[in-house]
Amino acid sequence: MDSDGMADNENEFTLEEVLRLGGTKQDYIMLAALNESEELVDGGKKGTIDDLNQGELEAFINSLHVSKYSKKFLEEEEKEQEEKKVNKVSTQLKTGKDKVKKPIPSSNENSALLLGTKKAKEEETFQFHVRQILLIKPGGKWYDLEYTNEFSAETQNQFLISRYKALAEKLYEQEINLYKNNTNLRKGSSSAWMKTVVSSGTLADRMAAMTLLIQDAPVHSLQFIEILVNMIKKKGSRRQSLMALDTFKELLMSHLLPDNRKLHTFSQHPFDNLEKLSSGNRDSRDRRLILWYFEHHLKHWVAEFVQVLESLTHDPLIATKGRALSTAHELLCNKVEQEKAFLVQLVNKLGDPQNKVATKASYLLETLLHKHPNMKGVVCNEVERLLYRSNISPKAQYYAVCFLNQIVLSHEESELANKLTTLYFCFFQSCIKKKDVGSKMLSALLTGVNRAYPYAQTSSEKIKDQMDTLFKVLHIVNFNTSIQALMLLFQVMDSNQTISDRYYIALYKKLLDPGVALCAKPSMFLNLVYKSLKADTVLRRVKAFVKRLLQVTCGQMPPFACGALYLVSELLKIKPGLWVQLQDHVESDDEEHFYDLEEEENLVDADKQINNEDMGQSTKPHNQASEASWIHHQNLTGGKGTGSYDPLSRNPSYCEADRTSFWELKKLSEHFHPSVALFAQRILEGNYIEYSGDPLQDFTLMRFLDRFVYRNPKAHKGKENTSSVVMQPKKKQSMNDVRNLAGKIPCNSKDDH
Numbered sequence: 001m002d003s004d005g006m007a008d009n010e011n012e013f014t015l016e017e018v019l020r021l022g023g024t025k026q027d028y029i030m031l032a033a034l035n036e037s038e039e040l041v042d043g044g045k046k047g048t049i050d051d052l053n054q055g056e057l058e059a060f061i062n063s064l065h066v067s068k069y070s071k072k073f074l075e076e077e078e079k080e081q082e083e084k085k086v087n088k089v090s091t092q093l094k095t096g097k098d099k100v101k102k103p104i105p106s107s108n109e110n111s112a113l114l115l116g117t118k119k120a121k122e123e124e125t126f127q128f129h130v131r132q133i134l135l136i137k138p139g140g141k142w143y144d145l146e147y148t149n150e151f152s153a154e155t156q157n158q159f160l161i162s163r164y165k166a167l168a169e170k171l172y173e174q175e176i177n178l179y180k181n182n183t184n185l186r187k188g189s190s191s192a193w194m195k196t197v198v199s200s201g202t203l204a205d206r207m208a209a210m211t212l213l214i215q216d217a218p219v220h221s222l223q224f225i226e227i228l229v230n231m232i233k234k235k236g237s238r239r240q241s242l243m244a245l246d247t248f249k250e251l252l253m254s255h256l257l258p259d260n261r262k263l264h265t266f267s268q269h270p271f272d273n274l275e276k277l278s279s280g281n282r283d284s285r286d287r288r289l290i291l292w293y294f295e296h297h298l299k300h301w302v303a304e305f306v307q308v309l310e311s312l313t314h315d316p317l318i319a320t321k322g323r324a325l326s327t328a329h330e331l332l333c334n335k336v337e338q339e340k341a342f343l344v345q346l347v348n349k350l351g352d353p354q355n356k357v358a359t360k361a362s363y364l365l366e367t368l369l370h371k372h373p374n375m376k377g378v379v380c381n382e383v384e385r386l387l388y389r390s391n392i393s394p395k396a397q398y399y400a401v402c403f404l405n406q407i408v409l410s411h412e413e414s415e416l417a418n419k420l421t422t423l424y425f426c427f428f429q430s431c432i433k434k435k436d437v438g439s440k441m442l443s444a445l446l447t448g449v450n451r452a453y454p455y456a457q458t459s460s461e462k463i464k465d466q467m468d469t470l471f472k473v474l475h476i477v478n479f480n481t482s483i484q485a486l487m488l489l490f491q492v493m494d495s496n497q498t499i500s501d502r503y504y505i506a507l508y509k510k511l512l513d514p515g516v517a518l519c520a521k522p523s524m525f526l527n528l529v530y531k532s533l534k535a536d537t538v539l540r541r542v543k544a545f546v547k548r549l550l551q552v553t554c555g556q557m558p559p560f561a562c563g564a565l566y567l568v569s570e571l572l573k574i575k576p577g578l579w580v581q582l583q584d585h586v587e588s589d590d591e592e593h594f595y596d597l598e599e600e601e602n603l604v605d606a607d608k609q610i611n612n613e614d615m616g617q618s619t620k621p622h623n624q625a626s627e628a629s630w631i632h633h634q635n636l637t638g639g640k641g642t643g644s645y646d647p648l649s650r651n652p653s654y655c656e657a658d659r660t661s662f663w664e665l666k667k668l669s670e671h672f673h674p675s676v677a678l679f680a681q682r683i684l685e686g687n688y689i690e691y692s693g694d695p696l697q698d699f700t701l702m703r704f705l706d707r708f709v710y711r712n713p714k715a716h717k718g719k720e721n722t723s724s725v726v727m728q729p730k731k732k733q734s735m736n737d738v739r740n741l742a743g744k745i746p747c748n749s750k751d752d753h
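Taken in order, the sequence shown gives residues 1 to 753; the numbers are from UniProt numbering.
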């Protein structure tokens, strides 16, 4: 029974044999369902043409006289079996005297058999089979196929990778040859013409032909990708290089690079599960190998293209640098492949010696962050790496800081704001140590701190350490930089609700700075003044600020004057106590009294007067406070004053501005500019200024002249030159008539208004 079962098992076929012969699992199931013992004759019907009569086959075999040969073979086999039995018994008698049989080493034989079958199976797996049909059909995008997204992050067996790569190379070469043969044999095909154009056409025609070939079948056009990259490399013809650059960029964005993933190398695919993924189907497996092989080489040529693009960014011509930067920016914005390399190229160009290139790099980075806000952290890290290079120039650092202070932050990005604030203060300290306070770098750093501080969550101790330095810098730097420093001081103090007198004294002094007239951003300055006065709780000090602001406004241009008057109007809404200063006679508890000096005092001896002064100086009391404080919490009403307004006082709290009126408004109501006069007159009448525009922009000279440029021409009055009578010729005008007409209509007539 056992021998019969073994014979049956040997005669049965297995699933592996069916798959090895090119079949599928369904074929195996269909064949296994058949019963060999049943006789099927034309579907089970006898009496057909192919049916044999009973005994006909036996008679045919007997006629061949095979039986006499079979008897000889049977006798020889019986003799061999008897000899084997005798030899076996003799060996057992020689070695088995103790009648104990040793175990037969069947496990070694089985393992050897298994190894042999395994090796045979592996050889069959990696065996190359020639095909006559294409596995990858032309058309469509290659990364949309089913097998391209299969990826494995685990390390694969290097032996498997090398064997599969060798097989994939053969399969890919066969696929390319089949594609070429099919295109050549296709009726009505333009492949021959395309080949001629690619090899000997004009530059534009060659680019167009290669573009069409790659778009039609990217997997089968790897050679044209190589040609395009090599054309970009060539330094002989810049026109050819730039044209190939634009062509290859468009192909990468439209047909070659996937949108949501990077390209994978050949070793980054699951070769351990390849047979399982393909379900034993050889075509499915080979199709995967071809696509993975193509993707591997495409990734190589894209990396080669990035290196060529890097060399183009160092071209001596600005136009070539700009084209290379624009290409890197577009690929970085739209694709994820080689994004690290493209970002490094853009950031490095912030340090380009040519200002135009550095400015363009900064603009492209800002556009990138506007399109992809989640890349702020990555871009800032790369810019920080540029700033801390050992061989970086101060100019490159300045452009990098200018880019960083333009980044738009939010409250959800507190970590990034903390990082930027720390970076700004680090460079701020280095600028102070170098005593380079007059540079643009300091202004850019202060601008960055002002923009990042509201969103940062760092402790104020870092900034408090720099407070004294900022107050010292105020009196050294130019007006625009000092405004940035004052804005930072106000933000820090306002967040801690401890705005000191020292800050208000510094701001009060800046109102008299000659740089106010040349300020590049007057809106920033007026906004700082408005916020500071709004947060001030001492009304006497606010009156002093408004008084000095009106004095400065009298000598400024109309846009600044209108902006300052609008600021005063808004302050009157918040602090109604300022309306008192608009009265002609301001009431005061301490009225001024004037007395005539007695004539006898003029007759005092000069020597006696000098002695008395010396004695008076020596007998002065010494109980005064030895130290002064910037914050006078216990002296909000003011100390002993002189009794009159002091316009040159250093401290606005003690200039006695509440003892005078805002008479400057009367002067401004007579201003030559009608808008300034109107704004001042409304305040004098006790009304608020209602204006919805921007006075700093609407009342400039350029905006005034634009009204004349873009206005409609005048319409001529009368019917001197109209066709009032039908079929009558128009009246012709001579030069004298035109001159007379021009003399009758003045330039500043009512029609102009």
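Hint data in this document are derived by calculation from the structure and do not stem from the laboratory.
Because the structure is a prediction, the values reported are computed rather than measured.
Among the hints, erroneous ones may be present.
Within a straight-line C-alpha distance of at most 20 Å, the following computed SDA-like cross-link-like pairs (lysine to any residue) qualify [stated by the list, open to error]:
hint, residue 1, residue 2
1, LYS509, LEU648
2, LYS509, VAL552
3, LYS667, LEU512
4, LYS180, THR211
Here is what the structure says about each hint:
no.: 1; hint: LYS509 / LEU648; result: holds (10 Å)
no.: 2; hint: LYS509 / VAL552; result: holds (12 Å)
no.: 3; hint: LYS667 / LEU512; result: holds (19 Å)
no.: 4; hint: LYS180 / THR211; result: holds (17 Å)
Figure legend: structure checked against the earlier numbered hints; every hint is met.
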